[in-house]
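Given these sequences and hints, build the entire structure.
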Amino acid sequence: MVTYSKIEFLAACASRHVNDRENVFGGTGLPLLAALLAKETHAANANLISEAGFIDAKPRNVPLSVADSRYYYRSSAAIGLIETLGFILQAGRIDVGFLGAAQIDEYGNLNTTYIGDYDSPKVRLPGSGGGNDIASSAKRLIIMMTHDKRKFVKELDHRTSPGHLEGPGSREKWSLVGGGPEVVITDMCQMDFDPETLRIRLASVHPGYSVQDVLDNVMFDLIVPDDVPVTEEPTQHQIDIMHRLDPNGIYLSKGGG
Amino acid sequence: MVTYSKIEFLAACASRHVNDRENVFGGTGLPLLAALLAKETHAANANLISEAGFIDAKPRNVPLSVADSRYYYRSSAAIGLIETLGFILQAGRIDVGFLGAAQIDEYGNLNTTYIGDYDSPKVRLPGSGGGNDIASSAKRLIIMMTHDKRKFVKELDHRTSPGHLEGPGSREKWSLVGGGPEVVITDMCQMDFDPETLRIRLASVHPGYSVQDVLDNVMFDLIVPDDVPVTEEPTQHQIDIMHRLDPNGIYLSKGGG
Amino acid sequence: MVPDGADLFWGGFGYQRAPIAFSHELVRQKKRNLTVHTCGSEVDLEIMAGAGVTTRFEIAFVAIEALGLANNMRRRVAEGKVEIEDYSNLAMAMRFLGGALNVPFMPIRSLMGTDMVEKSRYREKKVEVMDCPFTGEKICLVPSLQPDFSIVHVQRVDQTGNAQIDGIVGEDLEGSRCGKKLIVLAEELIDEEEIRTRPDQTKIPAMYVDHVVILPYVAHPMECHDYYDYDLEHLQMFHKMTRTEEGWQEYLENYILGVENHYAYLELVGWEHLHSLRARKPWGY
Amino acid sequence: MVPDGADLFWGGFGYQRAPIAFSHELVRQKKRNLTVHTCGSEVDLEIMAGAGVTTRFEIAFVAIEALGLANNMRRRVAEGKVEIEDYSNLAMAMRFLGGALNVPFMPIRSLMGTDMVEKSRYREKKVEVMDCPFTGEKICLVPSLQPDFSIVHVQRVDQTGNAQIDGIVGEDLEGSRCGKKLIVLAEELIDEEEIRTRPDQTKIPAMYVDHVVILPYVAHPMECHDYYDYDLEHLQMFHKMTRTEEGWQEYLENYILGVENHYAYLELVGWEHLHSLRARKPWGY
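Chains as they are written, first to last, in our numbering: chain A, 74 to 330; chain B, 74 to 330; chain C, 60 to 344; chain D, 60 to 344.
A portion of the hints provided could be inaccurate.
Some chain D residues judged to face chain A by a derived CB distance under 7 Å, without partners named [claimed, not checked]:
1. 74
2. 136
3. 140
4. 168
5. 171
6. 176
7. 178
8. 196
9. 226
10. 228
11. 230
12. 339
13. 341
14. 344
Pairwise CB distance ranges (calculated) [unchecked claim]:
15. A:193 to D:304: 17 to 27 Å
16. A:269 to D:313: 53 to 63 Å
17. A:192 to D:64: 48 to 58 Å
18. D:341 to C:137: 34 to 44 Å
19. A:269 to C:322: 57 to 67 Å
20. B:326 to C:177: 35 to 45 Å
21. C:137 to D:187: 39 to 49 Å
22. B:326 to C:322: 35 to 45 Å
Just so you know, the hints here were simulated from the structure itself, not pulled from any lab data.
By construction, the Cβ of each residue, glycine as well, lies at the ideal position given by its N, Cα and C atoms.
Have a look at this one:
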């Protein structure tokens, strides 16, 4: 039996959502690890892009920042933000974007800016960064979050990035370029979106968790299909590659998603 | 006594309108020769810019095109059109622009596009190029034309580039960045603009021409001040420099302005 | 590859990196009803207008600059065979930028107060002058362009399509990104390793590129920075011949239709002569 | 040079070419009520927010990325001492582009449908959503920025101000052109001759530059491509100390207020340690 950490599980899980030859926004952290893992396994020709300006990157060490020079050498171009977020992303050329969030609602809308009231916020979070842009314009959006009841809320404290907004037709109303969220990956489960209502739906639960565990940890009505499979586990091959990619455990030794 | 050709006279005359340390759009032809002459005489630190993307150019041979590689070596930057026409010109950073025209009206509006009716034009001219942009946004505009009655018209066949439009307040109405035409140099005279009405006014006549010659060759009411001086002639020094700049006579041997 | 009726972004600016070889090929393949979008091109536009390949142009400028007017274009416009929708250089460059950014328009401060706003050929809405919602000023919106193809000529490209440009870029960065398909013509093929050693020298990443054509002297008789100078003799001959329809037809027959392909054209021009045009260091021409 | 109350474009992106030394100097000179405009900066924003130099930010992002949240900013916002007007990275980059182009706004396809459009702190009009006059689609206009000063950190500059940047440019090309005055901080002075030999390598022409400052390790503890890597140890210490107000005050006293200038700061960090961070070829870090 393969043994793995939570981080390794999540990275392997996320990596399966990257297909070969796709244009992927890598960022940092888990999404980057997932994208690099995908490139080392089933998606060798995925084009890893960092919003800071790096295109087709093949970092030999894991970057800590989207602007990290580790993204530079052996990339095929190093330009700037107008290139990546404008000419590439806004023009509809990004297949997959990854985002994290502090809060998500049942339509996959995200909050990465404030906890508490906007006028006197309790906690200032990082803000949108390129998040709103990616959520607006990437063809598919993969959301990665730690699973916590306070994060799966009926009402966001602040809507930073568009998911499916108010449901069918609402992204079209604003002529958003991208297709919106496709998958939400947490440390308990994977969720997708019901094609009819565009509301979050349970897709698979991770080994060791039950459907009830998930239901106990969301504050909205989660759609649960009749058949909920168990999420695929990482292979030893995937784990070995991750340790080669991050030999110093910069990401692998971290606690959360 | 200094002997000079018409071209040499006009280039010397135009060069006096370039001041040291100014940012100048050089283009090709006579304006370029004038700008280069200015840099070799009283305006060594004039910043010669070509709209194709060259900044602070010091060509060792006279370019035939705004994009000519002769503009490249020993310039301080070689970029592109968004840089020169957008970041530099539209942002109000160009002190002096030069334009020619097939027709000019009494407010200094210019036609460089069509002779005849727009719907079935008799002659297609080059069009605006960067002309409309330069006329809109350069602080000062120097216009160079061959003097011909059919060119100094009451009504343009086509208004390609803005002069003082319909007179006082009309450039402001469109929030144009630049100050509009300052001087018109022809092979007969120099004209400027009456500060009250912004209509063309005779400023000096070239040696060999009379005020009446000029009046006979404009189709609108030219303002003529009481005292019209004779235009300064080129010096031998200026002529020598021009011949050094254009040893093959690419521009100096040409017929017209 | 380019079907009749397609619209193109046309790269190069002035005498620099003009995709002349591509215009020859369009003529030889007898393409019809193309629309060309560019700021200011010269011999290539003359060829396409003269040969009846392109019937609509959205451009800012056409002439051979210091050499004089565009004779073919002048004749074709007078004959009513070519329509030109006139913009300024900044307007066209911004229209390509807007297309590359995938926004429907871009704001500029030119064109206002002139016939460039008032008169249009075939566009329903050529420009739109609006009151700025932030400052109240008048501002001119120009419609973005996303043509079927972008045609761009560069110095070097690798196997995968990553392209490097020396010297000025003109409007080619925006232009190469605004088209639905991008065809890159390059003077020289370089190894991917060379690209990946200096990624900040890549002007057009491979992800934009659909087709690559490697040919020498693509721009002849125009110039290609660091590679070759313009051929003044040939240019003057071209300009002189186009003064009459007969002269132009003779040039068309001799140099374009009468040769099988670009190499046969270069053969006709003469390799020794071409070699004499090669750029000298450090000037680049 | 920068007066109290001024607004600044702040260069660098993420860990790359952050003008840390300039933020230190603003703190030492006890500047107040500055407004900072940038996409995503990190340690420098923490320093300016923490020390009370900057009270307003128009930004898209603040955190130390992989290392975690921006503790100082979080405290100052909770205390009501700092106001943040939130935009996205693309929105900010386009605001700088619009400022550089001297047009009052730029259109983007982000922000719509979210609180980024609905909520604002102090701007009367933070964005404007309009119907496109060409296509009828909704489009979001963001107001352009032309701040009093642009602060940009580059690798090399010549005597006259022409600057070269290695690696990514982030938003610094637009940012360096949008400010009313431009201050360039460079790691290295090079001769004008070097610039004029390769003009297409110039990222910021001298005509935009008002002041040049030459200092080594301007970005420490962040990185500068081809010059030095980030100082992970120092970064982690910084991030750990900022978790409490006391810890931050201690850092502020030790590393910023307690040293006379940038060289004294470098002395404190230690030249041998700094030397160990120097970038290796061909990686650039």
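Holds or violated: is there a CB of chain A closer than 7 Å to the CB of residue 136 of chain D? holds (4 Å)
Quick check on the hint: residue 228 of chain D CB to chain A CB, less than 7 Å? Check passed: Cβ of residue 228 of chain D comes within 4 Å of chain A, closer than 7 Å.
Holds or violated: the 35 to 45 Å window for the beta-carbon distance between residue 326 of chain B and residue 322 of chain C? holds (37 Å)
Hint check, residue 344 of chain D versus chain A [nearest Cβ-Cβ separation less than 7 Å]: For residue 344 of chain D, the interface hint holds, since the closest Cβ of chain A sits about 4 Å away, which is under 7 Å.
Restraint: residue 339 of chain D near chain A, CB-CB cut 7 Å. Satisfied or not? Violated - the Cβ of residue 339 of chain D stays beyond 7 Å from chain A, reaching only about 10 Å at its closest.
With 7 Å as the cut and Cβ atoms as the points, is residue 168 of chain D at the interface with chain A? At 5 Å from the nearest chain A Cβ, residue 168 of chain D passes the 7 Å test, so the hint holds.
Measuring from the C-beta of residue 140 of chain D to each C-beta in chain A, is the shortest one below 7 Å? Violated: closest Cβ of chain A sits about 12 Å from residue 140 of chain D, beyond 7 Å.
Pairwise beta carbon distance, residue 137 of chain C to residue 187 of chain D, judged against the given window 39 to 49 Å: holds (45 Å)
Closer than 7 Å between Cβ atoms is the bar; does residue 176 of chain D clear it against chain A? Give me holds or violated. Status violated, d = 9 Å.
With a cut-off of 7 Å, does the beta carbon of residue 230 of chain D approach a beta carbon of chain A closely enough for the hint to hold? Cβ of residue 230 of chain D sits 5 Å from chain A, so the hint holds.
Does the nearest C-beta of chain A fall within a distance shorter than 7 Å of the C-beta of residue 196 of chain D? At about 4 Å, which falls below the 7 Å cut-off, the nearest Cβ of chain A leaves the hint on residue 196 of chain D intact, so it holds.
CB-CB spacing for residue 322 of chain C and residue 269 of chain A relative to the 57 to 67 Å hint: holds (60 Å)
The earlier numbered hints that this structure contradicts are 3, 6, 12, 17 and 18.
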